[in-house]
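Enquirer: Quick note, the sequences are listed as chains D and C, same order.
The first sequence begins at 1 in the numbering used here and counts up by one.
The second sequence begins at 254 in the numbering used here and counts up by one.
If you're looking for bench data, these hints aren't it; they were derived computationally from the structure.
Fair warning: there could be bad hints in the mix.
[Said to hold, decoys possible] Derived DSSO-like pairs: lysine-lysine, alpha-carbon spacing no greater than 30 angstroms straight-line:
1) LYS245(D) <-> LYS514(C)
2) LYS482(C) <-> LYS248(D)
3) LYS99(D) <-> LYS643(C)
4) LYS134(D) <-> LYS690(C)
5) LYS542(C) <-> LYS126(D)
6) LYS245(D) <-> LYS470(C)
7) LYS643(C) <-> LYS253(D)
8) LYS248(D) <-> LYS500(C)
9) LYS500(C) <-> LYS245(D)
10) LYS253(D) <-> LYS494(C)
[Stated by the list, open to error] Reference excerpt, derived from the structure (chain D facing chain C, CB under 7 angstroms, subset only):
11) GLY67
12) TRP68
13) ALA129
14) TYR157
15) VAL171
16) SER175
17) ILE243
18) GLY247
No residue lacks a Cβ here, since even glycine has one placed at the ideal position from N, Cα and C.
Listed here are the chains, written in short residue letters.
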Amino acid sequence: MKKKWFTKYLILALLCLTPVSLVKTNSAQAFTGQVIQQGAVGDDVIELQSRLNYIGFYHGKIDGVFGWGTYWALRNFQYEFGLPIDGVAGPTTKAKLVKVTKYDYKNPPTTSGGNTAKTTGTNKAKPTASNTPKGFSQNDIRLMANAVHGESRGEPYIGQVAVAAVILNRVNSPSFPNTVSGVIFEPGAFTAVADGQIWLTPNENSKKAVMDAINGWDPTGEALYYFNPATATSSWIWGRPQIKKIGKHIFCK
Amino acid sequence: MIRGILIGILALGIAGTAYWGYQEHQEKNAVLLNAENNYQRAFHNLTYRVDLLHDKIGTTLAMNSKNSLSPSLIEVWRLTSQAHSDVGQLPLSLLPFNKTEEFLANIGNFSYKTAVRDLEKDPLSEKEYETLKTLYKQSGDIQNELRKVQSMVLKNNLRWMDVEMALASGKEQTDNTIIDGFKTVEKTVTGYDESDQGVTFSNMQIKDENYNNIIGKTISRNEAIRIAKKYMKFDGNATVKVTKNGKGSDFGFYSVAVQNKKTGQEANMDITKKAGRPIWFINNREVKKQAISLNDASNRAKAFLSDNGYKNMEQFESSQYENMGVFNFVTNSNGVRVYPESIKVQVALDNGDIIGVSAEEYLKSFKKRNIEKPAISVDEAKTKINPNLKVMEDRQAIIVNDLNEEVLCYEFLGTIGNDTYRIFINAKDGNEEEVEKLKNPEETYDGVL
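This is chain D alone, in the form it adopts within the complex:
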């Protein structure tokens, strides 16, 4: 029994040791080889934040997302230690950080301050936050993904991005409500809302489509309406100037 444990640990230790030989440091393990820049998410960012926190440059939550707080902390660090100030954690910056700070790999902090989220089971820290596009929360994105899934789940991917883009074009248009929820729940605007299909669980594809649309991809040529020619009941919609057809839907102004 004991031997088994021993060999397991040996393998683990060896695994841990391999990267160490590459990055000459005295700690057990350090950053991977990547250059960390703003917007990045992951373990390296958690380590970066923890190390900056350790020497008092970073005061925010250790959430694994390289946001503005981390950016300024890193720049201040680079300034104080006479490194080139670029806000990017490259090899020299990382080496300096590793030299002057400590980081406990076995028990990485999840969040700093009072409200600590529990890491269950494994001792691996996971990012507890995520990037979201400006002006939208994760819940807004989920709501849009619901609408897109309900409206166009049988459509090609580009058709789903298009439906999300129409929702956003409507938010920006003076002829429609000014909020995502206002546009989606405008009575009679979307059939998926009227028949309850909006409450189906959206899949990954529809979320991705929504993210693409929010990030600025509009396959529709700024369309405000779309309809399925096979099922459209209103004659008025046929009179709108048509821009293009994607999948089963015709998009118009």
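Chain C: place on chain D using the hints.
Expert: What follows is chain C alone, placed relative to chain D:
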């Protein structure tokens, strides 16, 4: 005996069903009534606010003191936005009612622009006063029509649920007082000539929506495919489809769709007919585990842009969304960032492929600019910002401000506490053009995304 029991059971059954049916009927009516009441509230709110709006514009006309003018214009702005949201709650989306909504939005824009202006220094011009007068008259017309509909609704107990049914079934022709009434309102508004509403309205857009600034030869279908090939990786199994834009589009474009039947991969791209500039491009494929860093991806995006003829682009935003990196580039013209000219690039973090480009903003804002020298110095501009802000970075930039004008500014990035702000100070007159709180990463909640 048995017959008696059977009859008894059946009778009970019928009575039970009847009772259940009655309950269901009651419930349905309650739900319908609830929905109806919501519509009624929105409708009566709308007419009330249009009433108030008309009055407010009227009082604004009579005002002379600049001190009371601004609050009054703000009130007008608030009312239009509320009326606008009331319209959004009515089941009118299948009814052409856009003109009225646009009219409301226009009043809102006009009153906002004039309200935020320092009227002491820059009072209402003769023309703006005329515009206000026209708006007063026009809002009066709308008020009148809406009141007519309202009185009919009240007198005849008209129900909005019937409107919804009539619109949903596509039988708009059927005689429905509310629909007819709203159609009349729309007709009234459509009758207002653009010129009636003064110069302030027509100058709303500075963007070149139809890509008129893009100059070049008209390309053919085959050229479109050739350009698309530069962006997407074709292989032998892919089927290519090119379609022209529909008749309703203001500018010509080709849509190139490429599908690889074997892998199920699909890529799409729109290219302007004029000069063959890509508007957007998406390559939809499954992105596997992250293998390259965001920084590598960003360098690839940069290289990709310069390979494709976009000169002097500078990255100003980068974000990782799961296994994809999204980068936002703007033109840097001799150290001045031109924010309206932005291109977004999406990179797959599994192998570093460019899987998306969106150049729509860039193409719409692209033009030759004569960037003037700033009239005030950085230090002078710095005195205009909030002293609590710890300035970390500064540079010059061109942005589109609240009034839809392109202005040269000093951009300051700084922090107050744990939050980061981006502040633009006009480089000519030192006005604070825009203050933006930059987004912090959002905590993930269980079950969402």
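Enquirer: Hint by hint, note whether the structure agrees.
Expert: Hints and how they fare:
1. Between LYS245(D) and LYS514(C), the direct Cα distance comes to roughly 21 angstroms. Compliance with the 30 angstroms bound is thereby established for this hinted pair.
2. The straight-line distance between the Cα atoms of LYS482(C) and LYS248(D) is roughly 26 angstroms, inside the 30 angstroms bound, and the hint therefore holds.
3. Distance check on the hinted pair: LYS99(D) and LYS643(C) sit about 29 angstroms apart at the alpha-carbon level, within 30 angstroms; holds.
4. Restraint check for LYS134(D) and LYS690(C): satisfied, since their Cα atoms lie roughly 10 angstroms apart, inside the 30 angstroms limit.
5. Proposed proximity of LYS542(C) and LYS126(D) is supported: the alpha carbons are some 16 angstroms apart, at most 30 angstroms.
6. The suggested pairing of LYS245(D) with LYS470(C) holds, with an alpha-carbon distance near 26 angstroms, which does not exceed 30 angstroms.
7. A threshold of 30 angstroms between alpha carbons decides the hint, and for LYS643(C) with LYS253(D) the separation of about 46 angstroms lies outside it, so the pair is violated.
8. The straight-line distance between the Cα atoms of LYS248(D) and LYS500(C) is roughly 18 angstroms, inside the 30 angstroms bound, and the hint therefore holds.
9. At most 30 angstroms may separate the alpha-carbon atoms for a hinted pair to count; LYS500(C) and LYS245(D) meet this at roughly 11 angstroms.
10. For the proposed pair LYS253(D) and LYS494(C), the alpha carbon gap of about 24 angstroms is at most 30 angstroms, so the pair holds.
11. Annotation: interface hint on GLY67(D) holds; nearest CB of chain C at approximately 4 angstroms, less than 7 angstroms.
12. Because the beta carbon of TRP68(D) sits about 4 angstroms from the nearest beta carbon in chain C, less than 7 angstroms, this interface hint is met.
13. At about 4 angstroms, the closest approach between the beta carbon of ALA129(D) and any beta carbon in chain C falls short of 7 angstroms, and the interface hint on this residue holds.
14. The criterion of a C-beta within 7 angstroms of any C-beta in chain C is met by TYR157(D), whose closest approach is roughly 4 angstroms, and the hint holds.
15. With 7 angstroms as the threshold, the beta carbon of VAL171(D) stays out of range of chain C, its nearest partner Cβ sitting at about 11 angstroms, so the hint is violated.
16. A hinted interface residue such as SER175(D) counts as satisfied when its beta carbon comes closer than 7 angstroms to some beta carbon of chain C; here the least separation is about 4 angstroms, so the hint holds.
17. Satisfaction of the interface hint for ILE243(D) is found here, the shortest Cβ-Cβ separation to chain C being roughly 5 angstroms, below the 7 angstroms cut-off.
18. Violation of the interface hint for GLY247(D) is found here, the shortest Cβ-Cβ separation to chain C being roughly 10 angstroms, above the 7 angstroms cut-off.
Consistency with the previously given hints fails for numbers 7, 15, 18, ordered from lowest to highest.
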